[in-house]
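If you read the protein sequences in the order shown, they are chains A and B.
With the first sequence counted from 1, adding 5 to any position gets you the numbering used here.
With the second sequence counted from 1, adding 932 to any position gets you the numbering used here.
Calculated directly from the structure, the hints in this document are not laboratory data.
Heads up, a few of these hints could be off.
Said to hold, decoys possible - Straight-line Cα separation of at most 16 Å, EDC-like style, residue types lysine to aspartate or glutamate; simulated pairs: (1) A:K101 - A:E82; (2) B:K1013 - A:D35; (3) B:K1031 - A:E173.
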Amino acid sequence: MTRSTAGSLGGFYVALLLLAANLAAQTPSDLATERAGYLAWLKKAPNSPLSAVAQQKIGDGVRLGPSEAEIPLAGIEEYRVYPSGGGLVLDGPGGKRPIGRGRPYRIGKYALYLTGPQPGTVLTVFADGAGREPPGYYDYDASVVFTGPLLRSERPEQARVLASDGMEAEATEVGTVVVPLGGRTSLRVLRIPVAGSDESELEIFFRDGTNGDGSYPAGRFVSLIPATDGRFRLDFNRARNPFCAYSAVYACPLPWRGNVIAEPVRAGERYSGGGLENPSTQENAK
Amino acid sequence: MLELLIQAAVALTASPSPAGPWKAVLDLSGGALPFALQIDARGRVWEGQLCNGRTCQSFSAVRLEGDSVILEIADYAAVLKASVRSDSLLGYYHNVGSKGPRTIPFRAARGRWPVSRAPRRLLGRWDATYYQDLGTSPRVFDLRNEAGGFQGRIISSTGDYGPYTGAVVGDSFAIGLFDGSFVYLLTGKLVGDTLRGVFHAGLRAQTPWTAVRSTGEPHLKSPTEVSRADTTAPLRFGFPDLQGRLVRADDPRFRGKVLLVDIFGTWCPSCHEATPELLRLYRRYHPRGLEVVGLAFEATGDTAVDAPQVRRYRDKFGIPFPLLLAGVNDNESIAAALPQLQDVTAFPTRVFVGRDVRVRRIHAGFHGLAAGPQHARQVGEFEAEIEKLLKESVNSKQ
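Same shape as in the complex, but just chain A (with noise of 0.2 Å):
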């Protein structure tokens, strides 16, 4: 099935509009075991998201522990996270200890994860425990699955945005594609590297009709998969939330300019609350 009627939106871009698929109703199996596979990471990683229940840039240092802390953590002596010889230092009732990113260290119940370089590396502190249930997906909508081509910017131009996981990566604004969904709508794509690799995603961050009624407010995530001929598979039952939809303590990205589908789109990832709400350390000690 092929309507195709590209449009020009002016700029550097050139818009395609995007030609529904015809695909089966039920879940594709790739799909589901996609899913499977990251809620169990949502469940069982000690790094969960789910399971974040603080974050702060270290800055000149992040005191923990007591409930005049910056990070409270009901049960726990006092500990300093601070920069020192071009480190970052561990200070607790256990001495010092140089500290890794990217590393978990345990604190009681607790893991201290370290993010990003200096001067903005990022505290993260997870609690056992603390993991909320994930959220689920919409039933499998086969009319928002669409094909078609993207036309690139004709001048890609680098963009510092925040990745779904709330860290600042060095994104290309690639180009934009147009889908017949609430009208016709322009979504623009930047390509996100994924660290240490070779390897990107070409993502859209869109919000919708319903963000707050049913996905998370903010809007959701969904990637641009390369299909045949030099066309893309646009899937929004892919689509998926931001890691500050699971724990209030990620950065949350700001709505990229447009990139708003003037109706529902009642597939993908769900919101099931906890997004919004800063989570007590307090009674995660407990």
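Using the hints, position chain B against chain A.
Relative to the frame of chain A, chain B by itself:
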């Protein structure tokens, strides 16, 4: 009669054996990445190998669960899981990074890939240009017919990931490299005197490229021009070893010695390939004053996962020098952990440090044995640099 019926029923319901050779592919968005599997039963113990052409690695474990076979690649915290049909495997490849799992469809059919040979017009060295969003990036393709069939290497300024293998049809080819960590596929076609194609990385990333025959002129950056260092101050680092003890650059064991810092990851196949050569250098020059320290930048950031991986790596090669848990394998973490080094983008990267604790040379990447003359030249450069630094006195450069 009843017994026969029961036996027939059991035969109908029992899962077929996964034993034997398999022609396997990962189904990437842009095409099928070919590789091979060999699964065998030794008594009641299952074992198997993952092969790219004639280069094979053993699975760390092979298990049967119900009608599924599970092939584990512990070095990369990865797994292939598939349901076993009579003549096929159908499942997925799965590994977990710091931002969640990666899942890629996987399938296999019984048998061996036919040996594929390319016409002479495809063979040889090609200067390739990758067309990325913000510019171009050079590579060299080295395409050959080997005993095991058509094979290619993709060489960047920081070395190569090992041989890609696959098939040729007319003037078109598709060669892949899958080792449990790297998921790479190169598809191309000869059009006139130019090769054109796509480099596929992981499930979805695709980079178009063109290539023309190498003229012999340098097309890549030198491995020593990729990364840079602040040499105005002594190199500083401090990370825990596998026993949790802090090891710093000014540790007494390194004082007055020539230090070779190996930036590596257990997830990095090139690092595995490069380690025997590093051990040879250590054994040859340690008695004269060379120390080596490995800084591991790992995939998950979870000590419970990473420390056993690094221990396994140490034990696999019998590494006698310290291996430190330095962080996770993203550029920002490396930059934060080693702020005096810039643009460390290759694994492995070797940092040669003089007796004065100043960085004297950084070599990005590694040319494996398959690279032939480049490998030999690289080894010669490493030895010459170490010899030079060993001859210097502690104060000669201060």
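Taking the hints in turn, this is what the structure says about them:
1. With a CA separation close to 14 Å, the supplied pair K101 (chain A) and E82 (chain A) stays within the 16 Å bound.
2. Our distance criterion of 16 Å between C-alpha atoms is met by K1013 (chain B) and D35 (chain A), whose separation comes to about 13 Å.
3. With a C-alpha separation of about 14 Å, the suggested pair K1031 (chain B) and E173 (chain A) falls inside the 16 Å cut-off, and the hint holds.
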